[in-house]
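2 protein chains.
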Amino acid sequence: MSDNSQWFTESSEETGIGFSLKIRRKLHEEQSAYQKIEIYETERWGNLMVIDDCIMLSSRDNFLYHEMISHPVMFTHPNPQRVVIIGGGDCGTLREVLRHPTVKRVSQIDIDERVTRLSERYFPELCESNEDPRAELLFIDGIEWMQRADAGSIDVIIVDSTDPIGPGEVLFSETFYRACFTALGTDGLLVQQSESPLLHQSLMQRMSADMRRAGFDGVRTLSFPQPVYPSGWWSATMAGKSADFPKARYAAMQELQAMRYFNAAIFDGAMAIPEFMAP
Amino acid sequence: MSDNSQWFTESSEETGIGFSLKIRRKLHEEQSAYQKIEIYETERWGNLMVIDDCIMLSSRDNFLYHEMISHPVMFTHPNPQRVVIIGGGDCGTLREVLRHPTVKRVSQIDIDERVTRLSERYFPELCESNEDPRAELLFIDGIEWMQRADAGSIDVIIVDSTDPIGPGEVLFSETFYRACFTALGTDGLLVQQSESPLLHQSLMQRMSADMRRAGFDGVRTLSFPQPVYPSGWWSATMAGKSADFPKARYAAMQELQAMRYFNAAIFDGAMAIPEFMAP
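Residue numbers (the numbering used here), protein chains in the order written: chain A, 21 to 299; chain B, 21 to 299.
Since the hints were made in silico from the structure, they are not lab data. Every residue gets a Cβ at the ideal spot worked out from N, C-alpha and C, and that includes glycine. Honestly, I wouldn't trust all of these hints.
Ranges of calculated distance between the beta carbons of each label pair, as one might list FRET restraints [unchecked claim]:
| id | chain 1 | residue 1 | chain 2 | residue 2 | range |
| --- | --- | --- | --- | --- | --- |
| 1 | A | G235 | B | T206 | 51 to 61 Å |
| 2 | B | E148 | A | S173 | 51 to 61 Å |
| 3 | B | R233 | A | E63 | 33 to 43 Å |
| 4 | A | E295 | B | E148 | 12 to 22 Å |
| 5 | A | E133 | B | E148 | 55 to 65 Å |
| 6 | A | E275 | B | E50 | 56 to 66 Å |
| 7 | B | Q101 | A | A272 | 39 to 49 Å |
| 8 | B | E63 | A | L47 | 31 to 41 Å |
| 9 | A | P144 | B | A263 | 39 to 49 Å |
Generate coordinates for the entire structure from the input sequences, incorporating the hints supplied.
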């Protein structure tokens with residue numbers, strides 16, 4: 021950039037990519053007990069949250085990620101009533117999950133309360149369902165919580181975590197997946213953000229293998245655009261106890277309001293596996 | 021970037037985005053009769069071609085664009101024998117089109133011969149079919165050529181152009197689409213790269229409207245990931261003379277060799293229209 025002060029840049033030697041957004045000003049910066057959190061006001065992308073120098077979300081394009089981490093798994097489960105979100109402190113996933121009328125209770129478990137407090141201030145639209153009586157916000161360790169959860173008590177687990185470095189690393193492990201497997205009911209489904217199909221294939225393969233070792237017989241990856249993440253192309257990996265996933269509830273998809281990306285055709289399209297990822 | 025000399029950056033005030041690739045060295049720079057062409061060797065993305073400061077392609081990810089600008093339209097036409105590529109001087113689209121056994125003749129018409137000569141040197145894998153006896157490489161004005169083409173003589177026109185500024189601008193016009201309409205046979209199809217679904221919605225809407233005004237009753241947009249283009253998410257718009265497109269030739273898709281992204285499921289998925297783009 022010709023004037024570094026006007027752009028926020030996330031760059032990586034490993035991927036050889038830099039991604040920059042033009043900013044107006046830094047709105048906030050703090051070192052929480054777990055990570056460095058920065059908030060910027062950008063020129064064209066609304067507000068921007070950065071954790072440990074990695075872009076987490078912008079106002080403009082987070083709808084892609086939040087809709088795609090939530091609705092595909094929710095419509096694949098036959099009747100998701102009890103949902104747990106691990107991570108997801110910005111509350112965007114929580115908002116999407118609460119759009120589902122089947123849901124009776126959602127626990128959002130993010131270890132860092134500061135992410136949620138800052139999201140309430142700088143991304144209020146993502147937090148508009150935080151007062152829903154079905155929602156419970158916990159600021160504790162997600163792995164410990166999962167290990168203590170009653171066996172078979174959860175329908176859907178959504179792991180909406182940071183990258184597999186720092187506090188999020190332990191969420192990409194067979195140990196954690198085993199705890200999820202036990203906590204899920206027979207029809208239970210787990211979904212986790214799984215990085216870029218182009219840049220992180222080895223991570224995706226390891227995740228799938230770890231999920232299978234933890235007992236999940238069905239594993240499926242879906243992908244979607246996410247401009248502010250490296251390569252602009254992101255994925256989520258879904259795991260179920262049976263080799264075959266149940267038929268998605270297409271009729272219910274038609275009832276969903278306020279979608280900006282997701283619909284039934286997008287659901288099907290996201291499941292398409294590029295040739296280079298084919299098993 | 022902390023060290024500007026090691027990164028090539030394309031940035032835009034209009035989109036508020038900067039995208040950078042880490043480079044080892046500049047391999048070539050020239051001002052052709054039409055545009056400035058630069059070639060870089062990157063750290064992680066192979067070689068990089070830049071025209072008038074805009075990234076055109078990298079060795080690593082151009083397969084996404086080249087497969088998706090070519091195969092969806094080729095498999096939608098019932099029997100594509102005569103194909104014309106307008107632009108496409110890097111020859112990657114030509115290579116993909118020539119994979120189709122139905123093809124009898126392909127004319128690639130790019131006004132700037134220097135793009136092809138540099139591609140032969142720095143992207144030889146894209147040029148490996150240039151000597152195919154079915155291929156004709158012309159370095160002349162594509163619009164004039166199209167206006168003189170025999171009526172009804174072409175099955176598929178692929179407009180693989182630069183952005184709608186500079187030499188590529190005239191290719192985004194009703195006048196040009198009218199010439200294409202006349203040159204195409206009854207089953208003829210036109211496809212053109214149509215920028216980012218997230219960033220360039222008004223352009224896409226204008227293109228579709230211009231195509232319809234030029235006589236095309238069927239217009240359909242498809243999208244795909246393209247990491248080195250702004251937002252990492254790109255599109256192509258396909259136009260046909262009838263309101264309904266023919267059923268795609270799915271069986272023939274299974275025969276296609278050497279694909280890295282495209283397959284039948286990707287074809288269907290690319291046609292899914294995000295909610296925010298729904299008419």
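Hint check:
1. Remark: the range hint 51 to 61 Å for G235 (chain A) to T206 (chain B) is upheld by a beta-carbon distance near 57 Å.
2. In this structure the supplied range 51 to 61 Å holds for E148 (chain B) paired with S173 (chain A), their Cβ-Cβ distance being about 58 Å.
3. In this structure the hint that R233 (chain B) and E63 (chain A) lie 33 to 43 Å apart at CB holds, the actual value being about 34 Å.
4. At about 19 Å, the beta-carbon gap between E295 (chain A) and E148 (chain B) stays in the expected band of 12 to 22 Å.
5. Taken as a hint, the range 55 to 65 Å holds for the pair E133 (chain A) and E148 (chain B), whose Cβ atoms sit roughly 57 Å apart.
6. E275 (chain A) and E50 (chain B) have their C-beta atoms about 58 Å apart, which keeps the hinted 56 to 66 Å range intact.
7. The given range of 39 to 49 Å is respected by Q101 (chain B) and A272 (chain A), whose C-beta atoms sit roughly 46 Å from each other.
8. Under the hint 31 to 41 Å, the C-beta atoms of E63 (chain B) and L47 (chain A), about 33 Å apart, fit the expected range.
9. Taken as a hint, the range 39 to 49 Å holds for the pair P144 (chain A) and A263 (chain B), whose Cβ atoms sit roughly 44 Å apart.
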